[in-house]
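Sequences and hints are given; from them, build the entire structure.
From first to last, the protein sequence lines stand for chains A and B.
All residue numbers for the first sequence refer to the UniProt record's numbering, where the first residue is 1 and numbers rise by one.
All residue numbers for the second sequence refer to the UniProt record's numbering, where the first residue is 1 and numbers rise by one.
Possibly wrong hints are sitting among the right ones.
A pair holds if it fits inside one copy or across any two, identical chains being indistinguishable in the list.
[To be verified] With a Cα cut of at most 35 Å, we get these calculated DSBU-like pairs of lysine-lysine:
no., residue 1, residue 2
1, 185, 115
2, 42, 62
3, 166, 185
4, 115, 166
5, 166, 62
6, 42, 166
7, 185, 62
For the record, the hints were derived by calculation from the structure and aren't laboratory data.
Protein chains: 2
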Amino acid sequence: METVSTNKAHGGVQGVYRHASAQTGTDMVFSVFVPEHAPGAKLPVVWYLSGLTCTHANVTDKGEYRRLCAELGLIFVAPDTSPRGEGVPDDAAGAYDFGLGAGFYVDASQEPYAKNYRMWSYVAEELPALIGENFPADMARQSIMGHSMGGHGALTLGLGLPDRYKAISAFAPIVAPCEVPWGQKALGLYLGDDPAAWRRHDAVAMIESGARVSELFVDQGEADQFLTAQLQPERLEAACAEAGIALTLRRQPGYDHSYYFISTFMEDHLRWHAARLG
Amino acid sequence: METVSTNKAHGGVQGVYRHASAQTGTDMVFSVFVPEHAPGAKLPVVWYLSGLTCTHANVTDKGEYRRLCAELGLIFVAPDTSPRGEGVPDDAAGAYDFGLGAGFYVDASQEPYAKNYRMWSYVAEELPALIGENFPADMARQSIMGHSMGGHGALTLGLGLPDRYKAISAFAPIVAPCEVPWGQKALGLYLGDDPAAWRRHDAVAMIESGARVSELFVDQGEADQFLTAQLQPERLEAACAEAGIALTLRRQPGYDHSYYFISTFMEDHLRWHAARLG
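What follows is the structure, given as structure tokens:
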């Protein structure tokens, strides 16, 4: 693991790091904020999964999480959203919603993507091991959140690994990728024509198929330009009601899909996570 | 004035606007955050002047000021740092420290810069008039802050217009441009060989020449890579002590010149401003 940069911020250290990923076969860059802490202390870890087109840098620059993580004693990890680099296949037309910047947190089974696009295993296995080895992290206390495609990632990783994360929340998540254009394109190209494979990466379908967590927290802007075509939080609401999952879904009037929305409600999410991380 | 974008954030509106500037002879872009407020209310205005290479976007993205401005009821205005566009002369070698992104908050007297580089008059006259006309701003209650070259701007505008600003503060300011390479290059190219003209745009020299305000607030990172060559806060400390200006100069261990430093201490600055804006 190589240090790209470290900067003191809010009493802690905001770092950016690079490592050669065995899962993706590429170098991967991620950011970690470590608050000031007592020598030898181990801190809980909040995972933040970003949305389409993002790298670690978007939330690192605009997420306004450091003040809260410093106050609450939380490590904050922001991975990239896809493999990148020479030889990594991208969307054939260079579209923003597939390929580079759009890994959708799945392990691709289809060529030419299967070799590099292993973001599920990267986020669920490889990067946690690296974090546990290199940072003062208490890996028994992890939680996960994300935005848009990263909200999809947070929900599906959270539901898929229900003993792993003490809290799961999302900003404007894609809750039912099987049912919306972004998800249909990505799941089709990464996973092929297998409906069961798609449903294992669709939060609503996972709940319908029996996946259970005790509670979820979602903020959704009512002025979000992707609300009706891509996000459709009412699908999650219905699935959680049916399954008995305590969903806190807040519809925020006037807020859009941007980091202005995320940064406004980041405090509420981090306090909710901290209360559950102990 | 044309609206480039508006986004709801922390209950208020973060806007970006463009207008044709008579001073610079170019279109100029700036950002304004207006907190939620009672109909008809007029709010005090905090000016934030950015450093070398920046536009309005740097602090708008990374400054972490909106939460505080929402809480304290402050309008936050971030101008660009220079004219830009076709025909605007830049540094001959394209260097970052002169020309585009580096207006130094002076009205240039030298060719080819004199026509466009009128950032003093732009920030002191033209833009305040536009803000007063188009936003719910109480122009009797203004304050000013800035970073690096923008800290120089905040100090010199504050000292030059002592009845204008109720509070003046800076993050890692260039306090004595006449004495350091960044300032010597810029003042020479913009203002020519006239030492008196330089001293009218040098905070320490202005104080030595009799400019007075009651107090100043400066944060300076001790790990700032520009501390000894370009910033030299001890010169401001000496001038203020001699002049009887109450300078609060905080040397912050471990902090560098970046927005990680600025965003960490933005809260302290905004609370200090709010207390003085009434």
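Hints, one by one, checked against the model:
1. 185 with 115: Cα proximity of residue 185 and residue 115: one copy only (19 Å, versus 53 Å across).
2. 42 with 62: Both: 26 Å inside a chain and 28 Å across chains, each within 35 Å.
3. 166 with 185: Classified as within: same-chain Cα gap 31 Å, cross-chain 56 Å, threshold 35 Å.
4. 115 with 166: Cα proximity of residue 115 and residue 166: one copy only (31 Å, versus 61 Å across).
5. 166 with 62: both (25 Å within a copy, 29 Å between copies)
6. 42 with 166: Within one copy, since 16 Å is at most 35 Å while 45 Å is not.
7. 185 with 62: Both: 28 Å inside a copy, 33 Å across copies.
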